[in-house]
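In the order they appear, the protein sequences are chains U and A.
Straight run, no breaks: the first sequence in numbering that gives the first Met the number 0 ends on number 327.
Straight run, no breaks: the second sequence in numbering that gives the first Met the number 0 ends on number 342.
Honestly, the hints are just simulated from the structure, not real lab data.
Any given hint could turn out to be false.
[To be verified] Listing some non-contacts, in silico: residues in chain U with all C-beta distances to chain A over 10 Å: (1) Gln117; (2) Gln159; (3) Arg260.
[Claimed, not checked] Only part of the chain A face toward chain U is listed, based on derived beta-carbon distances under 10 Å: (4) Val106; (5) Glu110; (6) Ala241; (7) Arg283.
Yeah, the Cβ is synthetic: ideal placement off N, Cα and C, and Gly gets one too.
Residue-level listing of the chains:
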Amino acid sequence: MSQNILEVKNLSKFFPIKKGLFLRHVADVRAVDYVSFHVRQGETLGLVGESGCGKSTLGRTLIRLYEPTSGSIRFKGEDFLKVRGESLRKMRKDMQMIFQDPYASLDPRMTVGQILTQPFEIHNIMTPSERLERVKQLLETVGLKASHVNRYPHEFSGGQRQRISIARAIALNPSLVIADEPVSALDVSIQAQILNLMKDLQEKLKLTYVFISHDLSVIEHLCDRIAVMYLGKIVEIATRDELFSNPKHPYTQALISAIPRVGEGKKKMKKSLSGEVPSPINPPSGCHFHPRCAHKKDICSQKAPALESVTGNSEHRSACWLTTQGGL
Amino acid sequence: MILPRPFDTHGHPFSEEAVLSDVVLKVKDLETTFFSKAGPFRAVNKISYEIRKGETLGIVGESGCGKSVTSFSLMRLIEKPGQITGGSAVLNGRDLLKLSEPEMQKVRGDEMAMIFQEPMTALNPVLTIGQQIDEQILMHKNVTPAEAKERSIEMLSLVGIPSPAERYTNYPHQLSGGMRQRAMIAMALSCNPTFLIADEPTTALDVTIQAQILELIQTLQEKLNMTVQFITHDLGVISEIADRTLVMYGGQFCEMGNTQEIFKNPLHPYTHALIGSRPRFGNRVQRLTTIEGSVPAPHEYPAGCPFTNRCSRATEQCRMQKPPVQELSPGHQVACFHPMGAR
């Protein structure tokens, strides 16, 4: 069994809501609500959920773009939340991020060459001429031309821009890359190019991915293990095959049944879930999912279930009173 | 010569009579041009299709393929520098493109209606939901304001909005995305249109809410016996909701036929590649098929088939000549000189 590159324990990120003249703290948006999981070296962990479930906040908190409210993150065995200053910068070199919108994540006033040399300047690696060589090499690695180095982002299409973002993310040979909806803004045919590129790079550079997406078909294609989030909590986590063949949590089941299937013919749509995601400011008591759940019992509205192993499979964990009490 | 006859979803030909009476919308050689500074650009280039009563036709394609412009052309909502430059679109026996603007205003919202992708930009933020639905009913139907209000509330409850009387007084920003889309559907259906255009109605929504909205559209379609033109870029959605599908690329007709047939036996290389590039749930492959390059800029299209530059089967003929639409198997049409192996 491979090593854990990332270990997350009881991580939470609350955004305070302040009101009034003295900015009194009135409530919190509980974007990430005591989440624990690990990521193994070389694997792709998928984070899936609907908008507002906290998956992007979790991704950003993992590399401390947001300072967590509580909890711990161990990266390669070291306590990532304790490091400061120079040592934090060194550790961050090893973890990079790809963002959703390639139009917003690249500075429009910098050339591609400048964008891609920045990581080397920040970490003071290599001489300027070596950097240029490396940048050209990077462009070719991600399927662009070395001659593109003096162009500006607006001269590229969406797919090409996302390639530039990927080149920037892999520039310093990181071991962990967090990809936040990297293909959601792209057309179907371009999505396929980027997904293939990410798979190739993972093999070539031995990368570990945390892949955030709302699209279960993309998640199924790319990920080894999958964590399903709902209102700031992980409700189920399992290996890909196990999760899709044997989903335990009613929310996961609903999510899977709501995926439109390509090429299976017209059918009468079934409503998989009624209602909508409640506000994370004042989430429902007990299990956050109980107001929309078809199988709820009394206990569900009183006490929150813990993320516990499903019987007979230590890799498969679900946070549901029904699974911990003998299954649905 | 025997004229090709349309087939129903089971592959049986319709009777002559049914063919004549059943067609709700017949679009012929529709052409919409945008006159930009860089020269004219045909966003919709001689598209022809028809939709039969009660049927759902899906139009699928990537951004810039002209699927939305086609719909806006039918609604006559094309604004300058765009202009409908040719063709006809006969709805229930009348050519929409020949109507005067006042006549069109009577048709729009009454006989035909449209649901847009982004409910937040399609709804007026300074009017309540109720005012906006009332306005449409009062314009088209001979009713009193009180009757219009009653009808609006009835519509809100029909689309599954809880406490409709209260929602009637709400402003769009007070509703969630899914509720806003429901309110827009209520508005579109308030005058009992026979023909509904849905332009990416679920693209901005989460997958569980998407399932709710698709279910709602299907149920209402059956209940009100509507004909639907459904536009989306999502192959999964199209294959679950459309009886027949039209695939567009670069403003042109690629392929049209029974939806299941298109997914099973795609004839156009673009359709084939598009299906291959989408991860298919429960059908994993190691690598996805990709389409090399990207959609060309408006003025970079070749004179012939718009897909030429990205197509593995393209020849010199494709570059120079526009392929004609031909019916290769009953009800399955394709515009390609080198179609994929037909069944």
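Hint-by-hint comparison with the structure:
{"no.": "1", "hint": "Gln117", "verdict": "holds (26 Å)"}
{"no.": "2", "hint": "Gln159", "verdict": "violated (8 Å)"}
{"no.": "3", "hint": "Arg260", "verdict": "violated (6 Å)"}
{"no.": "4", "hint": "Val106", "verdict": "violated (28 Å)"}
{"no.": "5", "hint": "Glu110", "verdict": "violated (25 Å)"}
{"no.": "6", "hint": "Ala241", "verdict": "holds (7 Å)"}
{"no.": "7", "hint": "Arg283", "verdict": "holds (6 Å)"}
Hint compliance for this structure: hints 2, 3, 4 and 5 are broken, all remaining hints hold.
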